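These are the residues of each chain, in order.
There are 2 protein chains.
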Amino acid sequence: MLMASDKSGQDTVALMAALGRKARAAARPLAVASADRKRDALLAMADAILRGEDKILAANAIDVKNGEQSGLSGSFMDRLKLDPKRIRDMAEGVRAIAELRDPVGEVIAEWDRPNGLHIERVRTPLGVIGVIYESRPNVTADAGALCLKAGNPVILRGGSDSLNSSAAIHACLVEGLRAAGLPEDAIQLVPTTDRAAVGEMLKGLSGNLDVIVPRGGRSLVERVQNEARVPVFAHLEGICHLYIDKSADLGMAVKIAVNAKMRRTGICGAAETLLVDRAVAGTHLVPVLEALRQAGCEIHADEEVLKAFADAKPATDADWVTEYLDAIISAKLVDGVAGAIEHIETYSSHHTEAIVAEDAAAVERFFNEIDSAILLHNASTQFADGGEFGMGAEIGIATGKMHARGPVGVEQLTSFKYRVRGTGQVRP
Amino acid sequence: MLMASDKSGQDTVALMAALGRKARAAARPLAVASADRKRDALLAMADAILRGEDKILAANAIDVKNGEQSGLSGSFMDRLKLDPKRIRDMAEGVRAIAELRDPVGEVIAEWDRPNGLHIERVRTPLGVIGVIYESRPNVTADAGALCLKAGNPVILRGGSDSLNSSAAIHACLVEGLRAAGLPEDAIQLVPTTDRAAVGEMLKGLSGNLDVIVPRGGRSLVERVQNEARVPVFAHLEGICHLYIDKSADLGMAVKIAVNAKMRRTGICGAAETLLVDRAVAGTHLVPVLEALRQAGCEIHADEEVLKAFADAKPATDADWVTEYLDAIISAKLVDGVAGAIEHIETYSSHHTEAIVAEDAAAVERFFNEIDSAILLHNASTQFADGGEFGMGAEIGIATGKMHARGPVGVEQLTSFKYRVRGTGQVRP
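These protein sequence lines map, in sequence, to chains E and W.
Residue 95 in UniProt numbering sits at position 95 of the first sequence; the count goes up by one each step and never skips.
Residue 167 in UniProt numbering sits at position 167 of the second sequence; the count goes up by one each step and never skips.
The shape of chain E in the complex, shown without the other chains (with noise of 0.2 Å):
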């Protein structure tokens, strides 16, 4: 903690050493609060963010105008940039989740004991949670507004360049904690950029942070995994596979190729590599790759591979782990499901994984052998999304094992306790 060392250094760490403890206060009044009253709050959060959209916008036209000139990417200033439309579907977004099953309280599971006990799982909040991330201002909105719902304090640490913009949004937020007469701290937002603010939220703000979920790149993801003392539920990249097996239906492979390629390359549920059974070379191969060249897209093309389609790129050792997130796609001969299952084994991330295929038993094995958050079969990798799982909005995917894994929606926000009823039973 060299930063915190410094003058300012010292400031940010007695500042998020009181975000620590006002949220852990806040955790106890937030887990009692009834579905209506977070409902109610995240209604009036909706209403004020469209409300306040000249705010949003004046202030988001200040980062929009230091980011020009610390000529920032402009990949990033679109991920930064706000305007009605994107106001209008933050304020969406919140009231989305406003009108989601409230998960706290419900009874996961019941049974009884042959000695009378009457044995409930319940869900109860995780407790206060972290969300680091970069550019994107309705992060903001999404993240306090799910980890709201399943009942948790967060903590907002967003990205330096899109301070001003959070800070208006946040607003918003507390104003709807306010109308539904919920504790402000609720929802707290790191109101400074100094970097040290991180590294005091990585260990734990003194047993106050009970989870992180960092949202941005892989050096952020990394850095966050490789410093925290806190849990972390990680969204590492999507390098997600496309196996066509041999008993593919060729129109099917071609239209799922395309889709889970091309309909759009930035989110992590895109597919980067596609497997081709040996078997099918001769027949799937080609027009599926046709189709992807047509629909405007690189083929990174292993030996075997290229001899059958010349329009294509060799492809090196590095293409099986890069996570293109553009019209890029490696492209690679297996022998059978058992070939595509150890190429997958061996470079997948554990996102998502797709087979294409009639013969149920590769689907099964496919399905039993990989060990990856998502698996499809006969549908697009684009389907990974927590609002096409019908789960609602999420905070990300989590790409580890523990806890939450896939969508990171409320529900996966929430621990649960055990609640046991007797009528006096005492052990023997």
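None of these hints come from the bench; they were simulated from the model.
This structure is a prediction, so every number in the text was calculated from the model and none was measured.
Mixed in with the good hints there might be a few duds.
A pair counts as met if it fits within one copy or between any two copies, since identical chains are not told apart.
[Claimed, not checked] Below, in silico cross-link-like pairs of lysine-lysine (BS3-like), each with a Cα-Cα straight-line distance of 27 Å or less:
(1) Lys246 with Lys417
(2) Lys255 with Lys85
(3) Lys307 with Lys246
(4) Lys255 with Lys417
(5) Lys65 with Lys81
(6) Lys85 with Lys55
Please build the complex by placing chain W on the supplied structure of chain E, with the hints as guidance.
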């Protein structure tokens, strides 16, 4: 890692790295092993333990002799010492785990989407588990069997003083794995007493260790929690509370209080603090304390309780945060269920709390507002046990809130993945 810089430390670093690689290599064959094969292996382990009685007792005799020479405490020696009955119990425990339902592949939830996608959430193994424990050699069998049942490779690091006993038991487990044709590296025992081995496990064996389960005293658990770079299923102490509400049936209160404290004083579910509603100080307090007293319990009472019950020691602030694990209980008057909740939320270790009451509203408030893993109504805190919950054997009671909470049995040693079945769906 000072220890790692000396010779033995360097050997240990290489040794532990190799254990990690072998465990990871065993993960896939284990994850796809059939339920029958795992069951066969566990039954073969139980048989091998019974057949190996003489060898195990001979190895244990060496540990016992060394322990006596190095003057280990009586309670430590009691946990270390094996006899034919304890060995039979160990084999029975493994056999009971063999007969549990196999969690891997179980469909936890499934639903259909409007677009026709069918989504299943299915249990998967969690990954490579590290178990760090102290004197009890039987943990070698319990933990090894539980991890195998859930399809997880395990690295067992037993106490130095019981290494010979653990090695003899471990040999029987490996015999069972071999008999069933499962990889012998599925259950590995750290073969050195070099404490650097623990440091290596806490660092995660280069990503080859997914979760650590510490089983032992507070100092061990705290070291693991503070230093581990991987998730931990921590079992901190059980500072369990028994609250007697003004609506309590006196006879039931007396019976439950004596059982919760005195049935077994050394287990984590034993009550350590008695809270009595001030409204029934005149009727319920003395009979309950008298019954505890007659059962041989020492009372540490706050000032008010002392006035009503002289045969007690004055409680200090330390009493409210002490897990006695002994025939001692702290006692305090509180203002109804609100006062009980306030005290428990302030001092509890969030393990297990019980309320004796006939007033349903008081019970619901106790259940809703206390954030502990297990809450009981009109039942003894000593039911806080995976077996008593019908969950089978457990590797501990988790006092954290991430992933596992309360009894950690086979189900809690699993993760999950999503299987999505389509008919050619692409995302619009």
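So, going through the hints one by one against the coordinates:
1. Lys246 with Lys417: between (48 Å within a copy, 25 Å between copies)
2. Lys255 with Lys85: neither (31 Å within a copy, 65 Å between copies)
3. Lys307 with Lys246: Answer is within: at 19 Å inside a copy they meet the 27 Å cutoff, but 84 Å across does not.
4. Lys255 with Lys417: Only across copies: Lys255 and Lys417 sit 25 Å apart there, 46 Å inside one copy, limit 27 Å.
5. Lys65 with Lys81: within (10 Å within a copy, 73 Å between copies)
6. Lys85 with Lys55: So Lys85 and Lys55 pass the 27 Å test inside one copy only (15 Å; across, 75 Å).
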